[in-house]
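Number of protein chains: 2
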Amino acid sequence: MNQKMQWLRNQMLSLNLQGVIITNPVNIKYLAGINAEGTLLVTRKENIFITDGRYIEYVHSTLTLFDEIIVYDINDLSKDDYENFFMFCENVGFEENYVTYADYKEFIRKYKINNFVETEFMIEKQRMIKDEEELKNIRIACEITDECFSYILSYIKPGMTEKQIANEIEEYYKVRTDGLAFDTIVASGENTSKPHAVPTERKIQDQDIITIDMGCKVNGYCSDMTRTFFVGSIQEKMKKVYDLVLENQLKVGEEYKDGISTKSLTKMVEKNFDLSNYSLIHALGHGVGLEIHEPPYINNRTESTLKENMVVTNEPGIYIAGQFGVRIEDTVQITKFGSINLTKSEKNYIII
Amino acid sequence: MNQKMQWLRNQMLSLNLQGVIITNPVNIKYLAGINAEGTLLVTRKENIFITDGRYIEYVHSTLTLFDEIIVYDINDLSKDDYENFFMFCENVGFEENYVTYADYKEFIRKYKINNFVETEFMIEKQRMIKDEEELKNIRIACEITDECFSYILSYIKPGMTEKQIANEIEEYYKVRTDGLAFDTIVASGENTSKPHAVPTERKIQDQDIITIDMGCKVNGYCSDMTRTFFVGSIQEKMKKVYDLVLENQLKVGEEYKDGISTKSLTKMVEKNFDLSNYSLIHALGHGVGLEIHEPPYINNRTESTLKENMVVTNEPGIYIAGQFGVRIEDTVQITKFGSINLTKSEKNYIII
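Sequences listed follow chains A and B, in order. Heads up, the first sequence is in this note's numbering, so the first residue is 1 and it goes up one at a time. Heads up, the second sequence is in this note's numbering, so the first residue is 1 and it goes up one at a time.
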C-alpha cells in the first residue's frame with residue numbers, strides 16, 4: 001500500500017473510524033494517484049474505488065498491485081454490495097466540507113451507516129505539509145512560471161491586448177506543463193484596480209501599469225505568482241504604492257517560518273497599509289498544492305500556524321478604485337528557520 | 001426585477017418559502033446575471049448579494065437599478081445582520097444538492113433559520129427550459145463549433161499529435177467565444193476506445209480513426225459535439241460499428257420530441273447495441289446550458305421527459321477495449337413536434 005493510504009489507515013485507527021468514504025477528487029488524487037470521477041472507500045479490510053465505464057480502463061492502467069485498490073464499475077454493484085461495504089463498522093468517516101447535504105442523507109441510506117462522522121479536513125490538513133515529491137513538482141511549476149514571466153516581459157509590446165498576452169502565457173505553459181493552474185489575470189491601466197480582473201480587449205499603451213497573476217500545474221501541483229510592472233516609466237503616485245506593497249511583501253517573507261501565526265502577520269500588513277490610508281482588501285495568502293487555493297488560509301479571520309514544508313503564497317496588494325492597483329505575489333516554501341521563495345522573478349521596479 | 005428573479009419569487013410563494021439562500025454560482029448567474037463568488041439571499045422584501053472585496057466593483061458595474069439587488073461586502077456584515085435577514089421567516093429554502101453538510105449546519109446557526117427546506121433542484125428544473133435569449137447563445141456556440149470542426153478537418157495532417165489538434169481547437173474558440181465548454185477530447189487509433197480520453201502526444205497516422213468531442217461557451221452557454229472520422233480510408237470492422245452508432249443516433253434524433261420518455265429511448269439503443277454484441281457504457285445524453293452537463297439526464301436509470309425548448313445531447317457510442325471506439329454526438333433543441341440539431345456537421349463517413 002502506498003505511504004499516503006497507509007497514513008490514512010493509521011489516522012482512522014487513532015480516530016476510531018472503521019471505514020471512510022472519500023469523494024473529494026483532489027483527496028482521491030492525493031491518496032491514490034487516481035485522476036478520475038469516483039468514490040474511494042476504505043473499509044475494514046479493503047481499499048475500493050468505485051467508478052464508471054468512462055474511467056475503468058484508465059484506472060486499471062494507472063493502479064499497480066502495490067496500490068492494493070480494488071476497482072468496481074458502479075453499474076455492477078447491487079444494493080447488497082453497498083450494504084456490505086461497512087457492515088460491522090461502528091463509525092464511518094465522511095468529508096462534511098465536500099459532501100452535499102443531499103448526498104449525506106443518501107450515503108447513510110445506501111451504505112446503511114450506523115454513525116456517520118465528520119472528519120474535519122483530516123486529509124486537507126495532511127495535504128498542507130508537502131513531501132519531497134510534491135515539493136519537486138511545485139518547484140518545477142514555479143521555475144517554469146519564472147521562465148514564462150521573463151519570456152512574456154520580452155513579448156509584450158504596446159498595442160497588444162490583455163487577452164492576447166494571457167493567451168501567450170497559456171500557450172507557453174501548455175507545451176511545457178499540464179496547463180494553467182487558474183485563469184491568468186492580465187490587467188492593464190485602470191483594470192489593475194480590480195484584484196480579480198479578467199483579461200479584456202484593452203490595448204497596452206505607453207506609460208501603462210500592468211499586473212499579471214499566473215501559474216501552471218506540474219503533475220497536478222500548482223504555482224502562483226503575481227508581478228505589477230510598467231511600460232516606459234513609472235508615475236510617482238504608482239511608485240509610492242508599489243514601494244509600500246513591496247516593503248510589506250518583503251517583511252512578510254522575512255516573517256514566514258515554522259511556528260509563526262498568520263493572523264497577526266495579516267494584521268501587521270493591514271496596519272501598515274492603514275497608516276498610509278490604504279487597505280488590504282483580500283487575504284494575504286493561501287496554501288498551494290494540488291489546488292491553487294488550499295489550506296492554510298492566511299487572512300485576518302483564520303488562526304493558522306505555518307509549519308515546515310507548507311507551501312503558501314505571500315501576496316499583499318493595494319487597489320485604488322477607478323485608478324490602478326499593485327500586487328506582488330510569490331509562492332513560498334516554509335522551512336524550520338525561515339522561508340524560500342520558489343518563484344524568484346524580479347521584484348524591484350520592472351519597466352519594459 | 002428581472003423575469004427570472006420574478007419567477008423565483010412566485011415559486012417561493014407557491015412553496016410557502018419566505019426566504020431562500022442560493023449558493024450555486026451557476027444558479028446565481030442564471031437568476032441575477034452575476035458571475036462572481038458570493039451568496040444570493042432572497043428575503044421577504046429584498047434581493048441581496050453578499051460578496052467580497054475582489055468582486056464588489058465588478059458586481060456594481062454589472063447590476064442596474066432594474067435588477068433590484070442590494071450588494072453587501074461580506075466584511076461589513078455583523079452577526080446581527082445575518083440573524084436579521086430571515087427574521088420572521090417560517091421556511092427558508094436551500095440547495096441541498098449544492099450546499100455541503102458543513103455549510104448546512106453553519107447556515108442554520110449563522111442565519112438563525114427556523115425551518116431549512118430542501119428545494120429539490122427547483123432552479124435547475126427551471127433552467128432546463130431555455131428562453132429565446134438562451135437559445136440564441138447556444139445556437140451561436142453550436143454554429144461556431146461546426147465552423148471549428150470544418151476548419152480542423154482541413155488542419156489535421158498525419159504526424160500531428162492529439163495535443164496539437166486539441167490546442168488548435170482551443171485557439172480557434174478563444175478568439176471567437178468565451179472559450180472551451182469542457183476539455184476537448186482528441187483521441188486517435190486505439191485511444192478512441194476510451195470514452196473520456198485525454199489528448200496525448202500520439203501522432204496521427206494514415207488509416208487512423210479519430211474521435212473529437214468539442215464545445216465552446218457563448219455568454220456562458222455551452223455547445224457539445226462529437227464526430228468520429230478516418231484518415232485515408234475506413235477499415236471494414238470500423239465501418240460496421242460506425243453504421244450501427246449512426247443508425248441509432250439518427251433514430252434517437254427522430255424520437256426526440258416534447259413528451260417523450262428518455263429512459264425507454266436509452267433502453268432502445270442498449271437493446272440495438274446488445275443485438276450486435278456491443279453495449280452502451282455511458283449515458284445517451286444530457287442537458288446543455290450554462291453547464292455542459294445539466295438536467296435532464298438521459299440514461300437507463302433516470303425517468304426524464306423531454307419538453308419543448310430543452311437543449312440536450314444525443315450521443316450514442318461503442319467502445320471496444322484496446323481496439324477503437326465510435327461516438328457521434330449532436331446538441332439538439334427539443335420542439336413541440338420533433339427536434340432540431342443545433343450542431344449540423346456531416347455525419348456520413350468523413351475521410352480526410
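Among the clues, some could well be false.
Which copy? The list can't say, so a pair holds if one copy fits it or any two copies do.
[Stated by the list, open to error] In silico EDC-like links for lysine to aspartate or glutamate, alpha-carbon gap of 20 Å or less:
1. Lys263 x Asp52
2. Lys263 x Glu236
3. Lys79 x Asp103
4. Lys29 x Glu90
5. Lys194 x Asp73
6. Lys307 x Glu118
7. Lys105 x Glu120
8. Lys344 x Glu254
Quick caveat, the hints were computed from the structure, so don't treat them as lab data.
Hint by hint, here is what the structure shows:
Taking the shortest Cα distances, Lys263 and Asp52 sit within 20 Å of each other only across copies (18 Å), while inside one copy they are farther apart (44 Å). In the homo-oligomer, the alpha carbons of Lys263 and Glu236 never lie at most 20 Å apart, since the shortest distance is 32 Å inside one protomer and 68 Å across protomers. For the identical chains of this complex, Lys79 and Asp103 are intra-copy neighbours only, at 16 Å inside a copy versus 29 Å across copies, given an alpha-carbon limit of 20 Å. When the C-alpha separation of Lys29 and Glu90 is checked against a cutoff of 20 Å, the pair qualifies neither within a copy, at 27 Å, nor between copies, at 43 Å.
Taking the shortest alpha-carbon separations for Lys194 and Asp73, only the inter-copy value of 15 Å comes in at or below 20 Å, while the best intra-copy value is 46 Å. For a Cα distance limit of 20 Å, the shortest separation of Lys307 from Glu118 qualifies neither inside one copy, at 24 Å, nor across copies, at 41 Å. When the C-alpha separation of Lys105 and Glu120 is checked against a cutoff of 20 Å, the pair qualifies both within a copy, at 18 Å, and between copies, at 13 Å. In this homomeric assembly, Lys344 and Glu254 come within 20 Å of each other (Cα to Cα) only inside a single copy, at 15 Å, whereas the closest approach across copies is 60 Å.
Hint check: violations occur at hints 2, 4, 6; the rest are consistent with the structure.
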